[in-house]
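*Asks:* Taken in sequence, the protein lines are chains W and C.
Using our numbering, you'd call the opening residue of the first sequence number 3 and step up by one each time.
Using our numbering, you'd call the opening residue of the second sequence number 3 and step up by one each time.
Among the clues, some could well be false.
Stated by the list, open to error - When the alpha-carbon atoms are kept at most 30 Å apart in a straight line, the in silico DSS-like pairs for lysine-lysine are as follows:
hint, chain 1, residue 1, chain 2, residue 2
1, W, Lys134, C, Lys264
2, W, Lys150, W, Lys44
3, W, Lys53, W, Lys152
4, W, Lys26, C, Lys46
5, W, Lys26, C, Lys26
6, C, Lys53, W, Lys26
7, C, Lys26, C, Lys53
8, C, Lys191, W, Lys191
9, W, Lys191, W, Lys254
10, W, Lys134, C, Lys191
11, C, Lys134, W, Lys264
12, C, Lys26, W, Lys46
13, W, Lys191, C, Lys134
14, C, Lys150, C, Lys44
No lab work stands behind these hints, which were simulated from the structure alone.
Protein chains: 2
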Amino acid sequence: MLYVIGLGLSDERDITVKGLDAVKSCERIYLEAYTSILMVDKEKLEAFYGKPVTIADREMVESDSDTILNNAQTVNVAFLVELSIPVETIHNASIMNAIGACGLQLYNFGQTISMVWFTETWRPDSWYPRVKENRDIGLHTLCLLDIKVKEQSIENMARGRLIYEPPRFMTVNTCLEQMLEIEELRDEKAYGPETLAIGCVRLGTPTQLFISGTMEQLLEEDFGTPLHSLVLIGRRMHVMEAEMVRDFCPEKYRAKFDEIYKRDYES
Amino acid sequence: MLYVIGLGLSDERDITVKGLDAVKSCERIYLEAYTSILMVDKEKLEAFYGKPVTIADREMVESDSDTILNNAQTVNVAFLVELSIPVETIHNASIMNAIGACGLQLYNFGQTISMVWFTETWRPDSWYPRVKENRDIGLHTLCLLDIKVKEQSIENMARGRLIYEPPRFMTVNTCLEQMLEIEELRDEKAYGPETLAIGCVRLGTPTQLFISGTMEQLLEEDFGTPLHSLVLIGRRMHVMEAEMVRDFCPEKYRAKFDEIYKRDYES
Numbered sequence: 003m004l005y006v007i008g009l010g011l012s013d014e015r016d017i018t019v020k021g022l023d024a025v026k027s028c029e030r031i032y033l034e035a036y037t038s039i040l041m042v043d044k045e046k047l048e049a050f051y052g053k054p055v056t057i058a059d060r061e062m063v064e065s066d067s068d069t070i071l072n073n074a075q076t077v078n079v080a081f082l083v084e085l086s087i088p089v090e091t092i093h094n095a096s097i098m099n100a101i102g103a104c105g106l107q108l109y110n111f112g113q114t115i116s117m118v119w120f121t122e123t124w125r126p127d128s129w130y131p132r133v134k135e136n137r138d139i140g141l142h143t144l145c146l147l148d149i150k151v152k153e154q155s156i157e158n159m160a161r162g163r164l165i166y167e168p169p170r171f172m173t174v175n176t177c178l179e180q181m182l183e184i185e186e187l188r189d190e191k192a193y194g195p196e197t198l199a200i201g202c203v204r205l206g207t208p209t210q211l212f213i214s215g216t217m218e219q220l221l222e223e224d225f226g227t228p229l230h231s232l233v234l235i236g237r238r239m240h241v242m243e244a245e246m247v248r249d250f251c252p253e254k255y256r257a258k259f260d261e262i263y264k265r266d267y268e269s
Numbered sequence: 003m004l005y006v007i008g009l010g011l012s013d014e015r016d017i018t019v020k021g022l023d024a025v026k027s028c029e030r031i032y033l034e035a036y037t038s039i040l041m042v043d044k045e046k047l048e049a050f051y052g053k054p055v056t057i058a059d060r061e062m063v064e065s066d067s068d069t070i071l072n073n074a075q076t077v078n079v080a081f082l083v084e085l086s087i088p089v090e091t092i093h094n095a096s097i098m099n100a101i102g103a104c105g106l107q108l109y110n111f112g113q114t115i116s117m118v119w120f121t122e123t124w125r126p127d128s129w130y131p132r133v134k135e136n137r138d139i140g141l142h143t144l145c146l147l148d149i150k151v152k153e154q155s156i157e158n159m160a161r162g163r164l165i166y167e168p169p170r171f172m173t174v175n176t177c178l179e180q181m182l183e184i185e186e187l188r189d190e191k192a193y194g195p196e197t198l199a200i201g202c203v204r205l206g207t208p209t210q211l212f213i214s215g216t217m218e219q220l221l222e223e224d225f226g227t228p229l230h231s232l233v234l235i236g237r238r239m240h241v242m243e244a245e246m247v248r249d250f251c252p253e254k255y256r257a258k259f260d261e262i263y264k265r266d267y268e269s
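Next comes chain W alone, as it looks inside the complex (with noise of 0.2 Å):
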């Protein structure tokens, strides 16, 4: 059997019990470590589960999955979906469901976006018109940020040498950066520097913090730590949506918030 199992948002212990249960019935435990960056270390995993634990890498998961199934017919490995293969998947907490907390009605959510890091020659907007959507409807956008592991530099991979640059995430301030940017390009005024928004960052983790403001004034926050979500909020906010928003307002953004609430949200 191959288990697919949702370790949940912070640290070790948010695994739930029957995916604790499925892990220690298992003779290899593949973590994978691309598509997110970990809370926790792969050490104290692995002191919690009493067990060893490799760290499934984009070239393992991409080139050698064989690896990882290898014999699962008759074992147990917990991991990833592969077809023909049993697999049973043990469900947990994610940023699309937890995002409830910044005060939002996970019911007033449209489609969700990725916003990836622009270079000097990409400066990919496919997202644009999807928030576009969302906004002409009134809805909130959730924006997942951009995280970089074990990417190498063009140099490194035109010279064939596995150097990998260091993990980095996006924060929120970039991605407002890269958003207002687009907006300024297209003109289609889907939001704007006014446009209400919420910083979601730590989701799930002790430290987690929103903090909510214009996408101008947020532009200046300093966010800490990984990992960083952007929401705009939707036209339709309710108002009880709109107080417990408001609680995450620092005083020196309130007045414009209120102002702004007034103007758009009221009416």
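Starting from the known structure of chain W, fit chain C onto it as the hints suggest.
*Replies:* Chain C in isolation, oriented as in the chain W frame:
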């Protein structure tokens, strides 16, 4: 401290290790028991926790929340959100993210809607414009279906008798029937008998089941015991999503599925 702890989707072992530790530290444990039907008995939970569990029904939560919050400033209590008492939320899976198991990407879902039971005189369709908004953009729609727990009959309510009806849950079939009735009335072409959909039942439990087909076809299916949910598939379904959804389509519906896919999705 008041702990708000997610129990997950299926049985007592879906709680996280962190959640279980919190429960074990609590002097009182309340079980919210009116917005969902528990898939596990209170007795099973009590045996697993080694502690008594109090059912908090609608009456208790709405009229007697002081009992729940009593001295939560000094002792640990497991359950429910309230102001000016320290609260810690322990996240877990919910249908809002676990629905990804049906093969459709969470990124491609629009607003979630709730479907209530129609009565002779009350046939609300405020969800209809929301479905239409999702459909116009091409997004999937998750429909959460009504459940009735500890409801009084009108007669018993009028006579002030605290006698409750047995719990009941809406089936995928009832939801489809009501949706098609409203489409016929409003005729705004938000969807129709040939719209592709997936009945998603008992998500996250060992008897989890997905059946895809047209709304009309699914009307005839027997999905069995609770809980049921329904997904209307949006026009923007990716070819990789379609491949998995097709796997959930029974042989007898396949020809129709392929015909509609060719007509509505491939063009």
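*Asks:* Now tell me if each hint is right for this structure.
*Replies:* Here is how each hint holds up against the structure:
no., hint, verdict
1, Lys134/W to Lys264/C, "holds (29 Å)"
2, Lys150/W to Lys44/W, "holds (18 Å)"
3, Lys53/W to Lys152/W, "holds (24 Å)"
4, Lys26/W to Lys46/C, "holds (23 Å)"
5, Lys26/W to Lys26/C, "holds (22 Å)"
6, Lys53/C to Lys26/W, "holds (26 Å)"
7, Lys26/C to Lys53/C, "holds (8 Å)"
8, Lys191/C to Lys191/W, "holds (29 Å)"
9, Lys191/W to Lys254/W, "holds (26 Å)"
10, Lys134/W to Lys191/C, "holds (23 Å)"
11, Lys134/C to Lys264/W, "holds (29 Å)"
12, Lys26/C to Lys46/W, "holds (23 Å)"
13, Lys191/W to Lys134/C, "holds (23 Å)"
14, Lys150/C to Lys44/C, "holds (18 Å)"
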